[in-house]
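Note that the protein sequences, when read in sequence, are chains A and V.
For the first sequence, the residue numbers in my numbering are 1 to 346.
For the second sequence, the residue numbers in my numbering are 1 to 346.
Where hints are given, some of them may not hold.
To be verified - The following residues of chain A were derived to be distant from chain V, with all beta-carbon distances above 12 Å:
no.: 1; residue: L38
no.: 2; residue: G111
no.: 3; residue: T121
no.: 4; residue: T139
no.: 5; residue: R156
no.: 6; residue: K252
no.: 7; residue: A279
What the hints assert, rightly or not - Coverage of chain A stretches by chain V, computed from C-beta distances (three or more under 8 Å per stretch; other residues unrestricted):
no.: 8; segment: 122-132
no.: 9; segment: 174-185
To be verified - Below, a sample of chain A positions facing chain V; criterion: calculated Cβ distance under 10 Å:
no.: 10; residue: I94
no.: 11; residue: G106
no.: 12; residue: L245
no.: 13; residue: E246
Worth flagging that the hints you see were computed from the coordinates, not collected in a lab.
Cβ coordinates follow ideal geometry from the N, Cα and C atoms, glycine included.
Number of protein chains: 2
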Amino acid sequence: MSDPILENRIIDEFTRRFVPPPHRLNGPHGADAELIALGPGSGRLLAVTTDALSEEAASGLYDDPRLLGWMLVQANFSDLAAVGADPLGILVAITYPPSAGNEDLGRLAEGISEACGALGTYVLGGDTNQGREWSLCGTALGLVPQGRTVTRLGARPGDKLYVSGPCGQGSAYAFLKLFAPQAVSSLAFFHPVARLAEGRVVREHASAAMDTSDGLLHTADTLARLNRCRFVLDDEGRSVHPVALEMCRAQKFPSWLALASVHGEFELCFTLPPENVAAFLAAAAGLAWQPVCIGEVETGEGVSIRSGTDLLPLDTARIRNLAATAGSDPASYVRELINYGREVGS
Amino acid sequence: MSDPILENRIIDEFTRRFVPPPHRLNGPHGADAELIALGPGSGRLLAVTTDALSEEAASGLYDDPRLLGWMLVQANFSDLAAVGADPLGILVAITYPPSAGNEDLGRLAEGISEACGALGTYVLGGDTNQGREWSLCGTALGLVPQGRTVTRLGARPGDKLYVSGPCGQGSAYAFLKLFAPQAVSSLAFFHPVARLAEGRVVREHASAAMDTSDGLLHTADTLARLNRCRFVLDDEGRSVHPVALEMCRAQKFPSWLALASVHGEFELCFTLPPENVAAFLAAAAGLAWQPVCIGEVETGEGVSIRSGTDLLPLDTARIRNLAATAGSDPASYVRELINYGREVGS
């Protein structure tokens with residue numbers, strides 16, 4: 001369970017030459033967004049995150065520029081949601097290929113604009129360049145009241161494990177889009193929205209939080225490692241979105257496989273000390289939001305799924321490393337993941 | 001002279017769908033970095049800018065990952081220098097191709113780290129992805145004391161025109177690298193450093209400022225358009241860097257051509273009301289910095305070069321639009337620019 005994660009090795013090797021900023025409050029891997037002190041008296045921290053999309057365009061996973069723009073914005077604000085930030089806006093750096101016409105650029109801008117509108121936030125600025133391929137980079141900015149942040153660190157045995165909503169739509173979208181586009185009449189179910197308002201409730205009650213943009217199992221594995229605990233998902237039925245459950249049933253995959261793909265969605269996964277649960281649920285009800293309890297934190301390590309009275313420990317390191325070893329092609333990654341799922345079973 | 005700029009048309013067409021952020025103090029094209037209000041009582045504005053490099057890697061213009069990393073950082077902080085910001089740090093989103101080995105990634109990280117060290121700033125965070133080609137995106141963040149910013153707007157007839165140092169090294173580097181690598185023993189002269197300390201002096205005295213990252217003529221044209229003035233460069237000898245002058249002499253180009261390429265450097269170009277010049281020069285001397293007066297602002301429009309008693313008006317719109325019409329290949333752009341230079345002469 002504690003095998004090293006290849007992706008983290010690459011990041012750590014890359015970043016070891018950088019001097020840690022004295023005014024950054026989180027350590028490496030410690031939060032979905034960087035938390036930067038703005039100096040005494042400011043009362044707030046700057047939350048900032050950057051996220052690029054290029055392979056998603058090149059592979060055809062997002063072949064509509066409007067979806068590309070939507071996802072760029074949502075992916076970045078989802079990282080801000082996971083630290084409970086109030087958004088200031090986003091910068092977008094767009095590199096477009098010679099083949100992109102005015103219509104493509106217009107649809108991209110529409111997707112970006114619609115996503116900002118849905119989140120009540122703004123494009124602050126950007127950069128446009130011609131290149132050989134699509135490459136999009138977003139940087140989202142927000143503020144968090146000092147002393148009221150939530151990071152990936154702080155979960156303890158006994159905490160309850162929650163998600164902001166069922167997961168696996170990202171997986172279902174990726175599988176259907178790349179392998180079985182004829183299986184459903186529409187892929188419009190995949191239109192994820194960053195959980196900014198929910199994140200501001202989570203920051204007041206949770207011990208740790210992270211988004212599910214790389215898949216729920218990835219999230220649970222990261223939180224388990226950082227907090228040196230075991231994360232137990234006690235009822236997969238509640239954690240998996242109906243669309244993903246249906247896809248797994250039709251394809252004869254174990255349903256946890258929908259939580260294992262690196263193409264996730266923008267739910268929040270967070271841990272609540274038991275004494276905070278009642279106040280948290282009351283605040284959630286105020287947003288007409290129904291968070292889902294999917295398990296608990298125990299002593300131990302790794303991620304397990306409780307199926308009846310059995311515990312199925314998942315080799316999450318192996319699952320996560322499939323993405324690194326499959327290279328940059330999503331299709332070959334998904335194929336390897338499916339093979340692994342069939343091998344392990346449900 | 002007032003022909004539209006194609007690049008701005010593309011940007012304006014792209015951004016017209018975005019709601020202008022009510023807390024952004026600059027308008028579109030109004031400043032090198034976005035200036036964002038942080039709310040009452042904070043006393044400071046957030047300055048933020050994003051800048052991507054991809055074609056520079058694909059074209060071989062920067063074929064050393066170390067230079068790529070250095071340029072990514074300097075380009076972003078140069079935009080912060082132009083608004084007089086105190087840097088908080090930079091986020092870097094790195095997409096690397098399958099062909100990139102550990103050594104390439106290590107050299108890239110070194111270039112990033114060295115550039116941050118030279119500027120006394122930090123990598124705050126980032127994102128790494130595999131893709132088909134190199135694509136780098138930086139986002140630099142800083143703070144400016146409220147009421148003490150400088151933007152591109154505010155120049156008036158009668159103002160003196162300054163640069164932080166002679167320009168054209170960027171042009172010289174691009175030409176020699178792509179067309180005449182054998183002409184000089186080393187291209188190590190091109191190691192530009194963002195003028196952050198100088199920018200903090202400029203903000204206290206200048207009426208307008210912009211960096212020369214797209215070439216000095218581009219900068220002067222942008223400032224002339226935004227401020228509805230004529231910018232006159234009165235002695236090209238002082239505005240052109242010795243390396244660029246030598247390159248122009250050897251290649252029989254008019255020397256202003258070294259100021260016309262879109263591959264610039266990171267000097268600041270700024271305008272000083274005459275009554276501010278003495279105090280400005282005293283402050284500059286305190287940094288052991290020798291800014292260069294290269295002309296003045298007059299009533300009228302466009303950019304002219306004064307050569308003796310003659311005024312040579314430059315068709316800066318045509319020069320700037322060469323970059324848009326040449327597409328994304330720097331080599332064909334440089335070729336078209338050289339043809340234009342020979343046609344106009346000196």
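Exercise. So which of the earlier hints does this model not fit?
Worked result: Numbers 1, 2, 3, 4, 9, 12, 13, in rising order.
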